[in-house]
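Going down the list, the sequences are from chains R and E.
Take any residue in the first sequence, count from 1 to its spot, add 27: that is its number in our numbering.
Take any residue in the second sequence, count from 1 to its spot, add 27: that is its number in our numbering.
Source of the hints: derived by calculation from the structure; they are not laboratory data.
Just so you know, these numbers come straight off a predicted model, no measurement behind them.
Among the hints, erroneous ones may be present.
No copy labels: a pair is met if it fits in one copy or bridges any two.
To be verified - Here are the simulated DMTMM-like cross-link-like pairs (lysine to aspartate or glutamate), alpha carbons at most 25 Å apart as the crow flies:
#1 LYS90 to GLU100
#2 LYS222 to ASP244
#3 LYS212 to ASP254
#4 LYS158 to GLU100
#5 LYS325 to ASP244
#6 LYS222 to ASP254
#7 LYS321 to GLU232
#8 LYS131 to GLU100
#9 LYS38 to GLU356
#10 LYS38 to GLU179
#11 LYS286 to GLU307
#12 LYS222 to GLU86
Number of protein chains: 2
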Amino acid sequence: MPVFKAEQLRKVGTEIFVAAGAPRGEAEWVSHLLVKSNLVGHDSHGVIRIVQYVKAMEEGYLKPGARVEVVRETPSSALLKGNWGFGQVVAKKAMEIAIDKAVKNTVGTVCAYDLYHIGRLADYTEMAAEKGLIGIAMANSVKSVAPYGGKERLLSTSPMSYAFPTGGETLFVLDIATSVCAEGKVRVALHKGEKLPYGCIIDKEGNPSNNPQDFYDGGALLPLGGDSVGYKGFGLGFVVEVLSGVLSGAGCGYEEGKKGNGIFFQAIDIQRFMPVNEFEKKISAFIQTVKSTKLRPKFREILMPGEPEARTKRERLRDGIYLPDKTWEEIRNTANALGLDLTSMVTHE
Amino acid sequence: MPVFKAEQLRKVGTEIFVAAGAPRGEAEWVSHLLVKSNLVGHDSHGVIRIVQYVKAMEEGYLKPGARVEVVRETPSSALLKGNWGFGQVVAKKAMEIAIDKAVKNTVGTVCAYDLYHIGRLADYTEMAAEKGLIGIAMANSVKSVAPYGGKERLLSTSPMSYAFPTGGETLFVLDIATSVCAEGKVRVALHKGEKLPYGCIIDKEGNPSNNPQDFYDGGALLPLGGDSVGYKGFGLGFVVEVLSGVLSGAGCGYEEGKKGNGIFFQAIDIQRFMPVNEFEKKISAFIQTVKSTKLRPKFREILMPGEPEARTKRERLRDGIYLPDKTWEEIRNTANALGLDLTSMVTHE
Numbered sequence: 028m029p030v031f032k033a034e035q036l037r038k039v040g041t042e043i044f045v046a047a048g049a050p051r052g053e054a055e056w057v058s059h060l061l062v063k064s065n066l067v068g069h070d071s072h073g074v075i076r077i078v079q080y081v082k083a084m085e086e087g088y089l090k091p092g093a094r095v096e097v098v099r100e101t102p103s104s105a106l107l108k109g110n111w112g113f114g115q116v117v118a119k120k121a122m123e124i125a126i127d128k129a130v131k132n133t134v135g136t137v138c139a140y141d142l143y144h145i146g147r148l149a150d151y152t153e154m155a156a157e158k159g160l161i162g163i164a165m166a167n168s169v170k171s172v173a174p175y176g177g178k179e180r181l182l183s184t185s186p187m188s189y190a191f192p193t194g195g196e197t198l199f200v201l202d203i204a205t206s207v208c209a210e211g212k213v214r215v216a217l218h219k220g221e222k223l224p225y226g227c228i229i230d231k232e233g234n235p236s237n238n239p240q241d242f243y244d245g246g247a248l249l250p251l252g253g254d255s256v257g258y259k260g261f262g263l264g265f266v267v268e269v270l271s272g273v274l275s276g277a278g279c280g281y282e283e284g285k286k287g288n289g290i291f292f293q294a295i296d297i298q299r300f301m302p303v304n305e306f307e308k309k310i311s312a313f314i315q316t317v318k319s320t321k322l323r324p325k326f327r328e329i330l331m332p333g334e335p336e337a338r339t340k341r342e343r344l345r346d347g348i349y350l351p352d353k354t355w356e357e358i359r360n361t362a363n364a365l366g367l368d369l370t371s372m373v374t375h376e
Numbered sequence: 028m029p030v031f032k033a034e035q036l037r038k039v040g041t042e043i044f045v046a047a048g049a050p051r052g053e054a055e056w057v058s059h060l061l062v063k064s065n066l067v068g069h070d071s072h073g074v075i076r077i078v079q080y081v082k083a084m085e086e087g088y089l090k091p092g093a094r095v096e097v098v099r100e101t102p103s104s105a106l107l108k109g110n111w112g113f114g115q116v117v118a119k120k121a122m123e124i125a126i127d128k129a130v131k132n133t134v135g136t137v138c139a140y141d142l143y144h145i146g147r148l149a150d151y152t153e154m155a156a157e158k159g160l161i162g163i164a165m166a167n168s169v170k171s172v173a174p175y176g177g178k179e180r181l182l183s184t185s186p187m188s189y190a191f192p193t194g195g196e197t198l199f200v201l202d203i204a205t206s207v208c209a210e211g212k213v214r215v216a217l218h219k220g221e222k223l224p225y226g227c228i229i230d231k232e233g234n235p236s237n238n239p240q241d242f243y244d245g246g247a248l249l250p251l252g253g254d255s256v257g258y259k260g261f262g263l264g265f266v267v268e269v270l271s272g273v274l275s276g277a278g279c280g281y282e283e284g285k286k287g288n289g290i291f292f293q294a295i296d297i298q299r300f301m302p303v304n305e306f307e308k309k310i311s312a313f314i315q316t317v318k319s320t321k322l323r324p325k326f327r328e329i330l331m332p333g334e335p336e337a338r339t340k341r342e343r344l345r346d347g348i349y350l351p352d353k354t355w356e357e358i359r360n361t362a363n364a365l366g367l368d369l370t371s372m373v374t375h376e
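I would like the entire structure built from these sequences, with the hints used as guidance.
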């Protein structure tokens with residue numbers, strides 16, 4: 028039951044990626060974001076991915092150091108070709124360009140294609156909000172969600188993220204899949220031998236199921252809204268597929284041979300509409316009102332989007348990041364195969 | 028059980044608004060959109076509103092003919108002050124400006140405040156899609172939705188709309204409330220004496236209810252995702268409130284004395300990313316795939332967003348628009364009070 032400090036895992040990730048052939052700067056950034064995912068509690072997007080990334084590098088499908096090309100550009104938009112670099116590197120560049128264009132021309136809209144896994148959308152919308160801008164992000168990947176009424180997987184979980192500055196320490200950061208739940212939740216239930224609540228998945232015949240194995244046996248995730256109003260989640264998922272998969276040129280989740288993420292990023296300069304501090308004051312007041320509202324029976328408090336993550340981060344910075352034995356073993360094997368000895372980097376062996 | 032042709036109701040609406048003091052051009056446009064809502068099956072946004080609009084004009088709160096002022100402007104954005112004109116008139120101008128800016132500068136983002144009820148968001152995103160652009164719209168109004176875990180109304184139904192050209196006759200048009208259902212559905216159930224499915228509303232104590240009266244007795248609508256993942260709908264609703272209520276300066280749903288709609292509109296020029304016909308071809312192929320997917324038990328077909336509306340429109344253009352006796356009586360009374368005789372405009376009396 029190994030527990031690590033964040034900086035230990037960052038070092039581990041960086042050295043593994045460098046040993047596998049990544050430029051050090053890219054390795055540090057990717058490792059930083061993976062560990063950040065662990066810190067905020069989204070372990071499915073954390074260092075567990077190191078093994079997968081190294082494998083993709085060895086297969087030649089992920090190409091660290093690839094040049095990010097600007098294929099099309101206007102004063103308020105850009106289309107980027109990632110040349111299969113790290114998704115985190117391409118996405119960072121995409122949001123930097125969006126921010127730069129927003130500061131100069133109010134709105135920056137940037138799409139990108141041919142890039143590997145980008146991790147959590149919140150990492151990029153936060154970049155905009157930290158600079159006092161509005162950040163918007165959508166991404167698609169491989170198919171896992173059925174359209175409303177269908178039993179076949181045709182859409183990706185199609186997440187959307189929005190971030191706003193609040194003037195306070197904690198940003199407003201929404202980052203949600205447009206399916207009822209993300210695939211990570213199904214995998215966690217499977218590994219723990221637990222059942223899912225009904226309404227998350229269907230089996231391969233299209234019947235409701237609470238058995239996570241049914242998803243992997245040809246089932247599908249359900250769109251947000253479930254059996255009653257799943258046309259809403261399906262509609263939103265379709266929009267995300269179009270903006271991040273069609274407009275970007277990355278391809279849609281349902282297309283044969285779909286790989287990596289497609290992205291649609293936007294930054295909006297608040298100042299062109301109102302003073303930023305007035306915007307922040309109004310959001311703060313709104314958050315205050317929401318958090319002090321009367322509770323429904325069985326609820327103990329109202330949590331704002333981003334708040335559970337901020338809490339988990341405080342805990343894990345203090346107590347460390349726990350990794351399942353299997354995860355740590357796989358990371359260590361990957362390191363060993365690259366001729367790296369992790370002993371000096373961690374104090375747990 | 029009066030049934031009307033669309034052009035009869037358009038004439039009725041126009042003449043009533045003109046008699047109440049609206050400029051003819053505005054009266055025609057507002058009447059056109061109200062009747063369009065009836066045609067596509069959204070009767071709660073249809074001619075039933077005529078009575079409410081005339082009352083608001085008489086109270087001096089709705090001011091037809093008001094000048095729409097551009098308060099702030101950049102090459103890709105604008106902030107409009109509606110001076111309490113018809114929402115439909117201000118919103119049309121807002122999307123026209125967004126489209127114009129998108130064509131010239133890739134993206135046009137337009138917010139507006141101090142405007143009356145705008146009707147359906149789809150009417151404006153369609154304007155962009157009909158010109159081969161991407162249309163995006165969000166709006167807020169008075170509070171009716173509880174935050175996830177709360178029992179008090181704090182957010183409006185906060186709808187979002189996205190429209191894309193498809194190259195075919197039917198656009199892709201999503202227009203959804205970020206609550207499980209819109210208030211109109213609750214009102215319809217109440218008037219019909221029917222129960223709601225559980226999961227749409229809570230009563231004033233925060234308990235699940237299927238009785239529509241409980242909503243009007245101090246209950247609230249639930250955010251999309253309901254009891255299990257309602258934090259998603261709450262998060263989206265908060266985003267809509269911020270973009271259409273805070274950034275626009277219109278105020279949020281929860282604020283004391285909140286009136287009218289706040290809007291956030293965007294148009295994006297597809298050509299700056301890819302040729303429009305290629306974009307349309309990919310969307311068409313995606314829609315084809317979705318519609319031909321295998322069905323779940325109990326589902327008879329997959330409907331795309333906008334498809335139920337297009338079907339109802341074909342039916343009602345053919346068969347006419349049915350209005351409940353009470354609705355028609357109220358419209359006739361409003362007309363009579365303005366010294367108008369509707370007999371010559373309709374064939375049903």
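These are the hints, each one checked on the structure:
When the C-alpha separation of LYS90 and GLU100 is checked against a cutoff of 25 Å, the pair qualifies only within one copy, where the shortest distance is 24 Å, while the shortest distance between copies is 43 Å. With identical chains, the CA atoms of LYS222 and ASP244 are at most 25 Å apart within one copy only, with a shortest distance of 15 Å there and 38 Å across copies. Taking CA atoms no more than 25 Å apart as the test, LYS212 paired with ASP254 passes in both settings, with 19 Å inside one copy and 17 Å between copies. When the C-alpha separation of LYS158 and GLU100 is checked against a cutoff of 25 Å, the pair qualifies both within a copy, at 23 Å, and between copies, at 22 Å.
Proximity of LYS325 and ASP244 under a CA criterion of 25 Å is satisfied inter-copy only: 22 Å between copies versus 35 Å inside one chain copy. Taking the closest pair of Cα atoms, LYS222 and ASP254 come within 25 Å of each other both inside a single copy (19 Å) and across two copies (18 Å). Taking the shortest Cα distances, LYS321 and GLU232 sit within 25 Å of each other only across copies (9 Å), while inside one copy they are farther apart (42 Å). In the homo-oligomer, the alpha carbons of LYS131 and GLU100 lie at most 25 Å apart both inside one protomer (14 Å) and across protomers (14 Å), since each shortest distance falls under that limit.
For the identical chains of this complex, LYS38 and GLU356 are intra-copy neighbours only, at 16 Å inside a copy versus 75 Å across copies, given an alpha-carbon limit of 25 Å. Neither within a single protomer nor between protomers do LYS38 and GLU179 lie at most 25 Å apart by alpha-carbon distance, with minima of 41 Å and 47 Å respectively. With identical chains, the CA atoms of LYS286 and GLU307 are at most 25 Å apart between copies only, with a shortest distance of 22 Å across copies and 39 Å within one. Taking CA atoms no more than 25 Å apart as the test, LYS222 paired with GLU86 passes in neither setting, with 35 Å inside one copy and 58 Å between copies.
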